[in-house]
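Line by line, the protein sequences give chains A and B.
Sequential numbering of the first sequence, starting at 592, is according to my numbering.
Sequential numbering of the second sequence, starting at 502, is according to my numbering.
Keep in mind that the hints were calculated from the coordinates and are not lab data.
There's no promise every hint is true.
[Stated by the list, open to error] Capping the alpha-carbon separation at 30 Å, the derived lysine-lysine pairs in DSS-like fashion look like this:
#1 A/K750 <-> A/K783
#2 B/K535 <-> A/K780
#3 A/K593 <-> B/K528
#4 B/K535 <-> A/K597
So you can see what is in the structure, the chains are spelled out below.
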Amino acid sequence: MKLLFKRPRSLREIPTHYCPGCGHGIVQRLVAEVVDELDIRERVIGVAPVGCAVIAYDYWDFDCSEAAHGRALAVATGIKRMRPENIVFTYQGDGDLAAIGTAETIHAANRGENLTVIFINNAVYGMTGGQMAPTTLLNQKTTTTPYGRRADREGYPLKISELIAQLPAVRYVERVALYSPQAVFIAKKTIKQAFQNQIENRGFSLVEVLSPCPTYWGMSPKEAMDWIRDVMIKEFPLGRIR
Amino acid sequence: MPRIVIEQDKCKGCLLCASFCPKGLIKKADKLNKLGLNPVEFDAKGCLGCMQCAVICPDCCIRIYK
Ligand SMILES: Cc1ncc(C[n+]2csc(CCOP(=O)(O)OP(=O)(O)O)c2C)c(N)n1
Ligand code: SF4
Ligand code: SF4
Ligand code: SF4
């Protein structure tokens, strides 16, 4: 019998601490599959965030560094400049990349660092208990917006990918979403392109992934995926931004 | 005939695989696994080998053979 689908070599055989149905598990597997397919396991270096994915370095079977909250792109810049032969990527949540790390994110993008960014937008702060993130939708209930986010009080959902796409040094920005196996397939193709760009020295590439947090959305895993498809992509349209 | 193997002790019972299987071959099992959760089980008849279940699984518990 032929094995059609198996765990990628770059993903270690250990259970993750994520909640049932969490999108982090899917994206981490996609990154591992891409690293295997591009045959870069020996030269890739990942930078893990602060957030639910904080111990991603325990799950991936390749070199990784941790960064202080929001500083992943500053750390990645340092690694890449000292070791340009390595393939360096960051993996960051929306609180990490678009709130506390906004300055590091914008300036790394504006410098056009030859890096790959995997940006997980789950519209909340998962790790700390489901508080509002900059990406929380209007009217979305979170623990800090119990009656729903209001534009006159908390501002609008921050479209950091569109902001970054304005910068002249940025090479590639695309938004994908996890709501079906087909959508996961597109997410993988996009992540692979973002790594390929770095291998070819083409500059700053960012992939935003709309990813379910069933726990703090108060939904079942399937309902959370349906919510991405029916509600979230209206605010965060999919496709190539730059 | 394609078939899938579920590593039940890693399965968190999120049921995403079951929701996307076009043939409805995956169901919640009637027992608890090492994590103390209800894993899923597979009914071997009629699997298409379409990989929808494995691709959506957040915990990488499914292998597929053809
Ligand atoms: C300097 C600092 N400030 C605040 C925190 C608390 N903190 C930990 S994770 C987190 C937010 C993470 O949210 P996000 O990046 O969206 O990731 P998720 O958990 O949703 O995957 C915060 C505020 C911290 N660890 N360090
Ligand atoms: S809190 Fe949300 S983002 Fe964090 S592990 Fe659970 S489902 Fe995933
Ligand atoms: S491979 Fe396709 S048909 Fe077979 S169990 Fe998985 S989803 Fe169902
Ligand atoms: S998708 Fe994976 S973790 Fe979820 S029920 Fe199916 S096998 Fe278990």
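Hints, verified against the model:
Simply put, A/K750 and A/K783 have alpha-carbon atoms about 23 Å apart, close enough for the 30 Å limit, and the pair holds. For the hint linking B/K535 to A/K780, the alpha-carbon distance of about 34 Å lies beyond 30 Å, and the restraint is violated. A threshold of 30 Å between alpha carbons decides the hint, and for A/K593 with B/K528 the separation of about 24 Å falls inside it, so the pair holds. Restraint check for B/K535 and A/K597: satisfied, since their Cα atoms lie roughly 21 Å apart, inside the 30 Å limit.
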